[in-house]
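A.B. asks: Sequences are here, hints too, so could you generate the full structure?
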Amino acid sequence: MDGTHANIEHWAERVDLAAAFRWTARLNMHEGVSNHFSFAINDDGTKFLMNPNQVHFSRIKASDMLVIDANDPDTLKGPNAPDPTAWGLHGGLHRHCPHARCAMHIHSIHATVLACLEDKVLPPLDQNAAMFYDRQVVDDSYGGLAFEEEGERCAQLFIDPKKKVMIMGNHGIMVIGDTVADTFNRMYFFERACEVYIRALQTGRPLSILPDDIAAKTADEIENYPEQDIRHLAELKAILDTEQPDYAT
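Each residue of the sequence shown is one higher than the one before, starting from 83 at the first, in the numbering used here.
It is possible that part of the hints are untrue.
[Said to hold, decoys possible] Below, simulated BS3-like cross-link-like pairs (lysine-lysine); rule was C-alpha separation at most 25 Å, straight line: (1) K202 / K245; (2) K143 / K159; (3) K202 / K244; (4) K129 / K245; (5) K319 / K143.
[Said to hold, decoys possible] Cβ-Cβ distance ranges computed for the label pairs, FRET-style: (6) A107 / G286: 32 to 40 Å; (7) D154 / P243: 20 to 28 Å; (8) D154 / L289: 42 to 50 Å; (9) R281 / R235: 30 to 38 Å; (10) P288 / A320: 38 to 46 Å; (11) V149 / V203: 29 to 37 Å; (12) N162 / A107: 17 to 25 Å.
It should be emphasised that the hints constitute simulated quantities derived from the structure, not laboratory data. Source: prediction; values computed, not measured. Quick reminder that beta carbons are idealized off the backbone N, C-alpha and C, glycines included.
C.D. replies: In structure tokens form, the structure reads like this:
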């Protein structure tokens with residue numbers, strides 16, 4: 083940490099979040115000035131960092147992150163109030179799911195296409211998709227914008243800590259994890275796997291789905307693969323350090 087930011091708490095996590103926002107924009111997985119990432123900063127997860135309201139992912143800096151208290155009813159009244167849907171969705175999640183240390187909600191194209199199919203579960207079609215075998219939960223009860231009631235309902239679906247991707251029917255996805263690197267890596271590979279699946283469906287040819295035992299074995303192997311998430315984000319930050327160093331300011 084440089085001297086300029088010595089008095090800003092959770093600086094490393096802020097930098098990681100800013101990198102994740104910038105790279106999500108580069109991958110065209112953003113949604114204008116909508117969608118939000120959050121990271122819990124206290125033990126029970128109810129205080130968290132989140133992106134400011136209506137700022138494009140490609141411009142977000144580490145120092146921009148809001149500090150939100152999920153238990154403060156006056157959160158939406160301040161001058162730096164978060165987006166009401168971000169408060170509803172992420173506030174509800176961090177209030178009820180302490181294991182969701184980091185949460186990333188996007189409407190990326192291929193994952194959202196999956197969320198619009200009658201069968202919304204990503205099958206283990208390839209190695210990337212196998213990563214999510216028995217690790218997804220589907221919300222099939224879309225009820226409009228994710229204000230508090232909708233956010234609370236979605237949070238209740240993350241009851242199994244093993245399942246860290248929610249396919250939000252007719253909406254998008256919510257990905258949770260232990261760290262920014264862990265969550266971003268999961269979000270990235272879920273979108274990649276969805277793209278392969280959607281493109282495979284477009285061929286109209288029969289699909290060769292992996293057997294359940296092989297899919298389960300592959301999911302366990304990937305989950306225990308050392309440091310891929312850490313090194314993935316580190317490489318992205320190294321590129322940003324050269325091309326867009328203001329992300330870490």
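A.B. asks: Of the hints given before, which are not true for this structure?
C.D. replies: none
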